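Peer 1: Just so you know, the sequences run in chain order V and Y. No gaps in the numbering here: position 227 of the first sequence is 226 in numbering that gives the first Met the number 0, and each next residue is one more. No gaps in the numbering here: position 451 of the second sequence is 450 in numbering that gives the first Met the number 0, and each next residue is one more.
Just so you know, the hints here were simulated from the structure itself, not pulled from any lab data. Accuracy of the hints is not assured; some may be wrong.
Stated by the list, open to error - Calculated pairs, EDC-like style, for lysine to aspartate or glutamate (alpha carbon to alpha carbon, straight line, at most 16 Å):
1. V:258 <-> Y:36
2. Y:35 <-> V:154
3. V:212 <-> Y:75
4. Y:35 <-> Y:47
5. Y:468 <-> Y:497
6. Y:73 <-> Y:84
7. Y:77 <-> Y:40
8. V:38 <-> Y:55
9. Y:347 <-> Y:331
10. Y:86 <-> Y:126
11. Y:386 <-> Y:402
12. V:212 <-> Y:509
13. Y:91 <-> Y:80
14. Y:73 <-> Y:36
15. Y:463 <-> Y:100
16. Y:516 <-> Y:497
17. Y:468 <-> Y:509
18. Y:382 <-> Y:369
19. Y:363 <-> Y:352
20. V:212 <-> Y:496
21. Y:339 <-> Y:309
22. Y:73 <-> V:154
23. V:259 <-> Y:36
24. V:38 <-> Y:62
25. Y:447 <-> Y:371
26. V:38 <-> Y:66
As the list claims (entries may be wrong) - Computed list of chain V residues with no C-beta within reach of chain Y, every gap over 12 Å:
27. 119
28. 129
29. 198
30. 201
31. 221
32. 241
33. 251
34. 273
35. 274
Said to hold, decoys possible - Have a look at the derived ranges for each label pair, beta carbon to beta carbon:
36. V:88 <-> Y:70: 37 to 47 Å
37. V:16 <-> Y:78: 27 to 37 Å
38. Y:39 <-> V:271: 23 to 33 Å
Small disclaimer: the values here were computed from a predicted structure and weren't measured. Ideal Cβ placement from N, Cα and C applies to all residues, glycine included.
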Amino acid sequence: MIRIHVLEGTALVWSAEEAREIRERFRLVGTLVGALARKPRQNAHLGLPLQLLPEEARLLAELGAAVLVRGTETQPPAEGEEPTQASEVEAYRRELEESYQEQQRLAGAEREALLARLAERIAQGRARRREQRGETPDTVEDSGLLDSPFVLPHDAMMVQLPTARRCLGQVERVDWTSPSPDWPHPGRPAHEARYRVFRELWGRGYYLSGGSKFGGDFLVYPGDPLRFHAHYIALCCPQGDPLPLRTLVAAARLGTGVKKTLLLCSPDAGGTLAFTSLQWSGLQ
Amino acid sequence: MEAELEPRSRRLFSPAELLAARTRDRKVAQCSQGQKDFIPDGSEEQAERLHRCREEHWQLLAEERVERLGSLVKAEWKPREGIVELKSPAGKFWHTMGFTEHGRQCLLPEEALYLLECGSIQLFYRDLPLSIQEAYETLLSQGTVSLLQYQVFSHLKRLGYIVLRFCPSAVPSQYERQLNLDSYCKSSGKHHRKRKRRSSPRLQAKKPKGSGNPPECEGTPKKASDSCGSPSHPASGRSCLPEKSKESDPASGEVESAQVPTDAAQLSKPPSRSKAQAEDYGKAAGDSCSGTHLPRWDFNRIAFPNMASDCPHTFLPQPDERLLPENVAGREADATRWRKLVNQKREKLSRKEREQRERESRYKSSVNADREVRRCSNWQEYKLLLKQRSQRRAGRRPSHLWDQPVTPLVKPDQVASAAAVLQQISVLQPSHILDGASRLQEDTEGMKIDFSVYQADAVANFKKNDPGKPYARMCVRRFDEQIPSLRAVKQLACQSEDVPVIFALVDNGDIAFYSFKEFKLPVDIYH
């Protein structure tokens with residue numbers, strides 16, 4: 000069960016495995032919005048969390064593959080009430096200490112191995128130095144390769160800054176069918192219309208992503224966006240809503256300019272969807 | 000339900016893995032498997048390329064942050080104050096981020112979150128370190144910074160810009176800049192608290208600076224009028240004046256000529272305006288960095304004697320001892336002797352000045368030399384005289400030109416260039432975004448400027464206490480929100496004075512920047 004964490008109406012996925020499953024099994028793309036762990040100070044490749052469109056989150060919830068949750072320990076404690084987390088703090092400190100000991104041991108072993116590998120060269124170097132200084136060669140000294148026990152400074156220890164939560168204790172479910180401060184989308188007519196279009200196009204096997212870059216609601220790809228360009232710019236026009244000619248011309252022009260077909264999608268009250276595509280044909 | 004919420008896999012590293020991370024590759028390879036394909040054709044090649052791309056992608060995503068403990072700065076989240084306090088000395092980031100409060104080094108929540116994502120700090124809450132997810136959920140849900148604003152903030156920071164929160168009271172108005180007050184204010188530390196959060200309650204309790212400082216006192220009300228732009232204050236100022244001038248007449252108790260009320264009114268004008276504006280300012284913006292306080296004197300009641308040569312009364316009574324300093328005793332004076340000396344000295348002009356005056360006297364004449372003007376005893380009569388004169392001049396217009404249905408466009412003495420003629424017949428006047436902006440009421444449809452952005456190459460010279468003029472100011476909005484009206488755009492531009500305002504529109508993680516660009520329609524005439 001995929002866990003989608005909602006934060007102020009935004010659906011976020013914090014686990015790399017879940018992000019992979021969402022993309023490979025469910026054909027949903029999403030957008031990465033966090034800093035990449037390996038190289039955080041650039042914008043070309045972003046990292047977790049994966050932000051899902053409200054339509055994508057709703058689709059996953061409807062399919063029963065995901066559940067919407069939210070954290071509950073985000074409120075500051077009330078006056079004078081300091082929750083006793085002593086046991087957890089203790090556990091964390093113990094873990095840190097154990098990790099430190101283990102790292103020290105491993106680092107020490109590594110260093111020993113390194114010295115053993117280079118033992119011959121070290122001995123040669125020492126002999127040469129002694130010759131230069133004019134001392135008599137002393138074989139007893141050669142055995143003392145490791146002068147003092149290895150100590151790893153506490154500051155040199157490596158720690159992990161985890162991306163996702165360590166323990167899942169304080170989360171609670173969010174109902175995706177009724178509007179709430181955490182998930183305000185259900186019931187909004189704009190969201191409902193978009194979702195119907197999204198569901199229909201997804202059902203036909205396309206990959207969909209946000210279309211604001213090209214002035215539309217969705218971009219429709221024939222395959223994974225990593226490898227393919229979008230074919231359509233989908234624009235949702237609910238039936239009965241006025242569509243000024245200016246908007247139509249602007250959208251069509253934009254589509255032509257970027258070599259994509261404009262797809263007008265009209266969900267009507269009856270449950271059917273009408274699709275109209277616009278393509279520049281020239282005057283032949 | 001509990002079983003469903005079990006963690007999939009705990010992504011915690013063993014000590015061996017942690018140590019191994021020291022020698023991790025820090026490069027990010029491009030998914031450069033050639034150009035994108037047009038249509039999926041089910042071929043093996045395409046599938047293979049897609050597979051490789053995806054594998055690289057997941058590999059990058061699955062990496063976790065592992066840092067040396069010594070290079071991490073310890074920080075603690077304080078939810079009640081809404082800031083992050085540093086527990087160990089700050090690193091290089093202190094040059095452009097963070098502020099000092101009560102001797103502690105602190106960070107704003109968005110800065111702390113950004114640094115956490117970069118792997119520069121370790122954030123603790125209740126003695127436990129926060130993961131990135133917990134930090135997002137804890138720091139961003141307090142209402143000070145929203146997720147949208149944080150996304151724009153981190154996007155800009157990753158590009159290298161210096162991003163600070165916007166404090167409207169720290170923007171020097173055009174008047175202040177004209178008077179070169181902004182450099183004065185900077186040195187006096189007037190704006191040194193602008194790093195604080197705007198909604199801090201402590202800001203309002205701060206004492207106002209330099210009460211005995213007339214430029215500042217004058218400057219702040221002016222600034223208030225620019226930034227608040229409430230239309231009530233000029234009206235109230237104007238309506239105050241006639242009342243106050245009437246008030247000063249009986250209150251003075253001294254015999255005054257007709258000119259004294261105007262003197263007193265003029266003197267009382269700046270302080271009364273500052274009083275009215277100070278009230279408006281206090282009401283409109285609760286977080287002024289330095290507030291004006293009301294002057295101690297009620298200038299409506301203090302009358303200054305008229306020392307001009309036309310006032311026949313030369314006997315000055317003893318002034319009210321409340322107006323004098325403690326150790327100064329006032330006494331009566333007879334001003335006759337002084338009156339004779341005032342403005343009696345002949346002006347000595349240099350030769351150049353005399354020549355210039357001689358040249359000018361051929362075609363220029365002083366307004367006061369006109370006898371009809373001297374007969375006027377106040378402004379009203381003078382204006383009436385001017386009106387009569389212009390009417391008389393108008394009566395001398397040739398009737399064959401001016402009495403027809405089609406009259407000439409301009410008078411010969413009205414225009415000096417072809418451009419001026421063009422101006423008369425132009426249909427559209429060029430307009431600047433700041434025209435009339437200061438008069439708009441403060442109701443920007445919930446839009447506000449969120450950040451000030453400074454160029455990345457200014458990092459070397461950047462001083463947190465004195466950042467200088469920003470490169471741009473950001474207003475963060477959602478993509479599906481209504482496009483702002485011209486009124487709101489004007490108000491934002493006015494708040495930002497001469498720095499351009501850029502709208503950062505966030506559409507589910509994709510950020511696009513929009514701004515209004517100014518251009519002039521070409522005019523076909525050179526002037």
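Peer 1: Take the hints in turn and mark each one as holding or not.
Peer 2: Outcome of the hint check:
With a C-alpha separation of about 14 Å, the suggested pair residue 258 (chain V) and residue 36 (chain Y) falls inside the 16 Å cut-off, and the hint holds. The hinted pair formed by residue 35 (chain Y) and residue 154 (chain V) fails the criterion: a straight-line CA distance of about 46 Å is larger than 16 Å. With a CA separation close to 39 Å, the supplied pair residue 212 (chain V) and residue 75 (chain Y) exceeds the 16 Å bound. Taken as a hint, the residue 35 (chain Y) and residue 47 (chain Y) pair is honoured in the structure, with Cα atoms around 13 Å apart against an allowance of 16 Å.
With a C-alpha separation of about 9 Å, the suggested pairing of residue 468 (chain Y) with residue 497 (chain Y) holds against the 16 Å cut-off. Using a Cα cut-off of 16 Å, the hinted pair residue 73 (chain Y) and residue 84 (chain Y) holds, with the two alpha carbons roughly 9 Å apart. Distance hint between residue 77 (chain Y) and residue 40 (chain Y) is unfulfilled; the C-alpha atoms sit about 56 Å from each other, more than 16 Å. Between residue 38 (chain V) and residue 55 (chain Y), the direct Cα distance comes to roughly 15 Å. Compliance with the 16 Å bound is thereby established for this hinted pair.
About 34 Å separates the Cα atoms of residue 347 (chain Y) and residue 331 (chain Y), which puts this hinted pair outside 16 Å; it is violated. Straight-line distance between C-alpha atoms of residue 86 (chain Y) and residue 126 (chain Y) comes to about 12 Å, which keeps the hinted pair within the 16 Å bound. Simply put, residue 386 (chain Y) and residue 402 (chain Y) have alpha-carbon atoms about 21 Å apart, too far for the 16 Å limit, and the pair is violated. A hinted pair counts as satisfied when its Cα atoms are at most 16 Å apart, and residue 212 (chain V) with residue 509 (chain Y) qualifies at roughly 8 Å.
Under the criterion of a C-alpha separation no larger than 16 Å, the hint pairing residue 91 (chain Y) with residue 80 (chain Y) is inconsistent with the structure, at around 25 Å. A C-alpha spacing of about 48 Å is found between residue 73 (chain Y) and residue 36 (chain Y), which places the hinted pair above 16 Å, so the restraint is violated. Under the criterion of a C-alpha separation no larger than 16 Å, the hint pairing residue 463 (chain Y) with residue 100 (chain Y) is consistent with the structure, at around 14 Å. Using a Cα cut-off of 16 Å, the hinted pair residue 516 (chain Y) and residue 497 (chain Y) holds, with the two alpha carbons roughly 13 Å apart.
A distance of roughly 28 Å separates the Cα atoms of residue 468 (chain Y) and residue 509 (chain Y); the hinted pair therefore is violated under the 16 Å criterion. Between residue 382 (chain Y) and residue 369 (chain Y) the alpha-carbon distance is near 14 Å, which keeps this suggested pair within the 16 Å criterion. For a cut-off of 16 Å, the pair hint linking residue 363 (chain Y) to residue 352 (chain Y) stands: about 15 Å separates their Cα positions. At most 16 Å may separate the alpha-carbon atoms for a hinted pair to count; residue 212 (chain V) and residue 496 (chain Y) exceed this at roughly 30 Å.
With a CA separation close to 11 Å, the supplied pair residue 339 (chain Y) and residue 309 (chain Y) stays within the 16 Å bound. With a CA separation close to 12 Å, the supplied pair residue 73 (chain Y) and residue 154 (chain V) stays within the 16 Å bound. With a C-alpha separation of about 14 Å, the suggested pairing of residue 259 (chain V) with residue 36 (chain Y) holds against the 16 Å cut-off. Taken as a hint, the residue 38 (chain V) and residue 62 (chain Y) pair is honoured in the structure, with Cα atoms around 11 Å apart against an allowance of 16 Å.
Among the hinted pairs, residue 447 (chain Y) with residue 371 (chain Y) is inconsistent with the structure: their alpha-carbon atoms are about 56 Å apart, more than 16 Å. A distance of roughly 13 Å separates the Cα atoms of residue 38 (chain V) and residue 66 (chain Y); the hinted pair therefore holds under the 16 Å criterion. Distance check for residue 119 (chain V) against chain Y: the nearest CB is about 25 Å away, which clears 12 Å, and the non-interface claim stands. For residue 129 (chain V), the condition that its CB be more than 12 Å from all CB atoms of chain Y holds, with the nearest at approximately 34 Å.
Non-interface call for residue 198 (chain V) relative to chain Y: holds, since the shortest CB-CB distance, roughly 17 Å, exceeds 12 Å. Remark: the non-interface label on residue 201 (chain V) is consistent with the geometry, its nearest Cβ contact in chain Y lying 16 Å away (cut-off 12 Å). The beta carbon of residue 221 (chain V) is not kept farther than 12 Å from every beta carbon of chain Y, the shortest such distance being approximately 6 Å. Listed as a non-interface residue, residue 241 (chain V) keeps its Cβ farther than 12 Å from every Cβ of chain Y; the least gap is roughly 16 Å.
Remark: the non-interface label on residue 251 (chain V) is consistent with the geometry, its nearest Cβ contact in chain Y lying 20 Å away (cut-off 12 Å). Its beta-carbon lying about 23 Å from the closest one in chain Y, residue 273 (chain V) satisfies the requirement of being farther than 12 Å from that chain. The non-interface label for residue 274 (chain V) is consistent with chain Y: the shortest C-beta to C-beta separation is roughly 19 Å, beyond 12 Å. A C-beta distance of roughly 23 Å is found between residue 88 (chain V) and residue 70 (chain Y), which places it outside the suggested range of 37 to 47 Å.
For residue 16 (chain V) and residue 78 (chain Y), the hinted distance range of 27 to 37 Å is satisfied, since their beta carbons lie about 31 Å from each other. Remark: the range hint 23 to 33 Å for residue 39 (chain Y) to residue 271 (chain V) is upheld by a beta-carbon distance near 28 Å.
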